Amino acid sequence: MATTYGIIVCDGTPCINSGARTLTSALQEQLDKHGLHDKAAIHLSGCLGMCDKGPIVVVNPGYTIYGHVTEADIPEIIEEHLVHGRPVARLAIQEDHLYNRFFRVFGDAKFFGKQMRITLRNCGIIDPENIDDYLSLRGYEALAKAVTDLTPAQVVAEVETSGLRGRGGAGFPTGLKWKFAAAQKATPKHVICNADEGDPGAFMDRSAIEGDPHTVVEGMAIGGYAVGASKGIVYIRAEYPLAIKRITKAIKDARAHGLLGDNILGSDFSFDIEIRLGAGAFVCGEETALIHSIEGARGMPRPRPPYPSVKGLFGQPTLINNVETWANIPVIILDGANWFRTVGTETSKGTKVFALAGKVVNTGLIEVPMGTTLREIVYDVGGGIPDGKKFKAVQTGGPSGGCLPEEYLDTPIDYDSLARAGSIMGSGGMIVIDEDSCMVDIAKFFLEFTQNESCGKCTPCREGTKRMLEILTRITEGKGQAGDIEKLERLGDTIRKASLCGLGQSAPNPVLSTIKNFRAEYEEHIHEKRCRARACTNLVTYQITEKCVGCGACRRVCPVGAITGAAKKPHVIDQDKCVKCGMCFNTCKFDAIVKV
Amino acid sequence: MATTQANDAVAPDEQKLAQLKEFIAQTRQDEHPDSFLIAVLHRAQELYGYLPVPVMDEVAEAMGIPTAHIWGVATFYHYFNLTPPGQHVISICLGTACYVRGAGQILQTLKDELKIDVGQVTEDGLFSLQPARCLGACGLAPVVMIDDKIHGDLTPKKMVQILNQYRKQAKK
Numbered sequence: 001m002a003t004t005y006g007i008i009v010c011d012g013t014p015c016i017n018s019g020a021r022t023l024t025s026a027l028q029e030q031l032d033k034h035g036l037h038d039k040a041a042i043h044l045s046g047c048l049g050m051c052d053k054g055p056i057v058v059v060n061p062g063y064t065i066y067g068h069v070t071e072a073d074i075p076e077i078i079e080e081h082l083v084h085g086r087p088v089a090r091l092a093i094q095e096d097h098l099y100n101r102f103f104r105v106f107g108d109a110k111f112f113g114k115q116m117r118i119t120l121r122n123c124g125i126i127d128p129e130n131i132d133d134y135l136s137l138r139g140y141e142a143l144a145k146a147v148t149d150l151t152p153a154q155v156v157a158e159v160e161t162s163g164l165r166g167r168g169g170a171g172f173p174t175g176l177k178w179k180f181a182a183a184q185k186a187t188p189k190h191v192i193c194n195a196d197e198g199d200p201g202a203f204m205d206r207s208a209i210e211g212d213p214h215t216v217v218e219g220m221a222i223g224g225y226a227v228g229a230s231k232g233i234v235y236i237r238a239e240y241p242l243a244i245k246r247i248t249k250a251i252k253d254a255r256a257h258g259l260l261g262d263n264i265l266g267s268d269f270s271f272d273i274e275i276r277l278g279a280g281a282f283v284c285g286e287e288t289a290l291i292h293s294i295e296g297a298r299g300m301p302r303p304r305p306p307y308p309s310v311k312g313l314f315g316q317p318t319l320i321n322n323v324e325t326w327a328n329i330p331v332i333i334l335d336g337a338n339w340f341r342t343v344g345t346e347t348s349k350g351t352k353v354f355a356l357a358g359k360v361v362n363t364g365l366i367e368v369p370m371g372t373t374l375r376e377i378v379y380d381v382g383g384g385i386p387d388g389k390k391f392k393a394v395q396t397g398g399p400s401g402g403c404l405p406e407e408y409l410d411t412p413i414d415y416d417s418l419a420r421a422g423s424i425m426g427s428g429g430m431i432v433i434d435e436d437s438c439m440v441d442i443a444k445f446f447l448e449f450t451q452n453e454s455c456g457k458c459t460p461c462r463e464g465t466k467r468m469l470e471i472l473t474r475i476t477e478g479k480g481q482a483g484d485i486e487k488l489e490r491l492g493d494t495i496r497k498a499s500l501c502g503l504g505q506s507a508p509n510p511v512l513s514t515i516k517n518f519r520a521e522y523e524e525h526i527h528e529k530r531c532r533a534r535a536c537t538n539l540v541t542y543q544i545t546e547k548c549v550g551c552g553a554c555r556r557v558c559p560v561g562a563i564t565g566a567a568k569k570p571h572v573i574d575q576d577k578c579v580k581c582g583m584c585f586n587t588c589k590f591d592a593i594v595k596v
Numbered sequence: 597m598a599t600t601q602a603n604d605a606v607a608p609d610e611q612k613l614a615q616l617k618e619f620i621a622q623t624r625q626d627e628h629p630d631s632f633l634i635a636v637l638h639r640a641q642e643l644y645g646y647l648p649v650p651v652m653d654e655v656a657e658a659m660g661i662p663t664a665h666i667w668g669v670a671t672f673y674h675y676f677n678l679t680p681p682g683q684h685v686i687s688i689c690l691g692t693a694c695y696v697r698g699a700g701q702i703l704q705t706l707k708d709e710l711k712i713d714v715g716q717v718t719e720d721g722l723f724s725l726q727p728a729r730c731l732g733a734c735g736l737a738p739v740v741m742i743d744d745k746i747h748g749d750l751t752p753k754k755m756v757q758i759l760n761q762y763r764k765q766a767k768k
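Chains as they are written, first to last, in our numbering: chain A, 1 to 596; chain B, 597 to 768.
Hint data in this document are derived by calculation from the structure and do not stem from the laboratory. It should be emphasised that the depicted structure is a prediction, and the values quoted were computed from it without experimental measurement. Each residue gets a CB set at the ideal place from its N, CA and C atoms; glycine is no exception. Among the hints, a few may not be true.
[Claimed, not checked] So the derived list for chain B, only partly shown, Cβ under 10 Å to chain A, looks like this:
| id | residue |
| --- | --- |
| 1 | Val636 |
| 2 | Gly668 |
| 3 | Leu690 |
| 4 | Gly700 |
[Said to hold, decoys possible] Straight line, CA to CA, 25 Å or less: simulated SDA-like cross-link-like pairs of lysine to any residue:
| id | chain 1 | residue 1 | chain 2 | residue 2 |
| --- | --- | --- | --- | --- |
| 5 | B | Lys753 | A | Gly550 |
| 6 | A | Lys580 | B | Lys707 |
| 7 | B | Lys764 | B | Asp708 |
[Unchecked claim] Label-pair restraints from in silico Cβ distances:
| id | chain 1 | residue 1 | chain 2 | residue 2 | range |
| --- | --- | --- | --- | --- | --- |
| 8 | B | Ile758 | A | Gly483 | 27 to 33 Å |
| 9 | B | Tyr762 | A | Ala482 | 45 to 51 Å |
| 10 | A | Ala482 | B | Val714 | 29 to 35 Å |
Given the sequences, and given the hints that come with them, work out the whole structure.
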């Protein structure tokens, strides 16, 4: 057999969780068995984004993607594909392939067709722990170009021209931030990568670092050169052990190759990066809070100005950008700001990464050009809603964002359109919600989170979120009063205007946006004591229908003895005794118990 | 709470303490040594599994930072435990994707079964329960992580079965 095969096993966290690690040894075993060990090599890669189909194995050449691979499938893959040259159709995910500068090898045109992978260009392609892999795909070429061909001012100008805006969520023009930091006379200056990804349900930054850590390192080094900083810090969540391990190794390898440290690539630019761990505080995503955390204190924000670019870490000028923002930099320098400007919309250039999850067929990590509509993301990339359920809303921006109903599905994704629609871009969490979720309950879920994460420094956020949560809780418990909606609106408006930092200013968004778009649901809860999604336990009653065969399973699990009935005869629930725990509903095998 | 007493009563293990102090000594070389407080607390939790009071006193001494300040930091961040964890740590994912797929019910099942609230340890010390914000297994939602193992596509019934497996193992 003449062909040499490359086998890629996705080693991102979602795939590891679904069992990818056991596959590597099984593959090696089978290769040895067929005497193929010098004809095929196994590589590990970062996240390909098809997280719901994990574990993923890719066989090259040809880029055949196998999904849901188990150990038992390995002998067939090796025997059929590698020995006989016949890809295993049973396991392969689609076969249409796309090829362009940022899509060399991806398969599955439906999932990848609307995507454009700029920051994730190497994720799922290279071995993230191998610097040579990165170097072979033009890695560190942008840094070399910057330090040899461009002046710091030219680099700043390039970033400014590109129109890149902060990917952490607020969308501040990145070039402007760089310009402010570069203009400062005080030294030393610092560069920080904000990898304290805290939105519940978001994992973009983790996947980016796990899949391609060198891009972030390279971006930071370019940033250091542009603003005249000699030290960089990656502030990363302690909850991300694999990402920490990979970025630590990337920094070490870059140092060994002369790409970090003194006199980078023979120039007079010296720059090094260290890692600092976060400790689980959502508010530390706010830049002044993050700086306090790096300084070893409680992560509480302070009023701005002075902005960190003037007075930041240890009182020195500091440039802070988010992981995804940094990952854009090498591409902008290499392909040019003018090329970058061709992607996206008038006010938002480039692409955006989203962690697509919730009630959608394809959950995973996606990257789409700005201007793609929500409908394209939910129905084309995401494959629509599973189980024939009806779409209800899409939530963007996590606890700082809002819920958009069907009439906003044709909204193009960019900072300004989403803001006009009443949500925000946010850092990239995108949750699809179907008819089974109650919007009041969703608003309560997010407010519970922000209330818990409020650092307590300013009164509007500390007290206001607590009061809003109390009102929401009583509404979902069926104790809502007339005037509650207006009270929520008034409180929300005050918190928005009077809070110190972004956490508080955006905390009411999930509530205000659901009131705006789903006001009827709030009114039903308050006036009719009814939850149309049947999600609010107190507003639901369980009933046994004529489908009941009298098996008695529900009677046995009921913790309060509320269910009675003779064997093989339909049972009944005593509504006065019922505590609405739902055990009977979950136990019934005949769908004879309904929520009303 | 009884667990707070347990915290105070523990005398710091000498060998672990030496390791911690060595780590602190390294950080003292830096230009901004106090900025390593969170890193030091991470190291302490790695060594002890949580942050015992006497250890924090030692850290205060070695770093020249008031214990009150250290407490302030340790209580601010969710990652730091001030009480010893259970034999098995259950992290329930309360990320949005899990929530819309029924994590609330799973949490209720855990609370009922274990008779503890989030952040507590069961009476037999077998389990402790903590919330997590997205474990990155959204495709398997709702999920629970017990120690390092992910359990996905959960229903209340499946959750109870899993707990029972751990209980059975512990009895052996």
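We went through each hint and held it up to the structure:
no.: 1; hint: Val636; in the structure: holds, 9 Å
no.: 2; hint: Gly668; in the structure: holds, 6 Å
no.: 3; hint: Leu690; in the structure: holds, 6 Å
no.: 4; hint: Gly700; in the structure: holds, 8 Å
no.: 5; hint: B:Lys753 - A:Gly550; in the structure: holds, 20 Å
no.: 6; hint: A:Lys580 - B:Lys707; in the structure: holds, 16 Å
no.: 7; hint: B:Lys764 - B:Asp708; in the structure: holds, 19 Å
no.: 8; hint: B:Ile758 - A:Gly483: 27 to 33 Å; in the structure: violated, 45 Å
no.: 9; hint: B:Tyr762 - A:Ala482: 45 to 51 Å; in the structure: holds, 49 Å
no.: 10; hint: A:Ala482 - B:Val714: 29 to 35 Å; in the structure: holds, 34 Å
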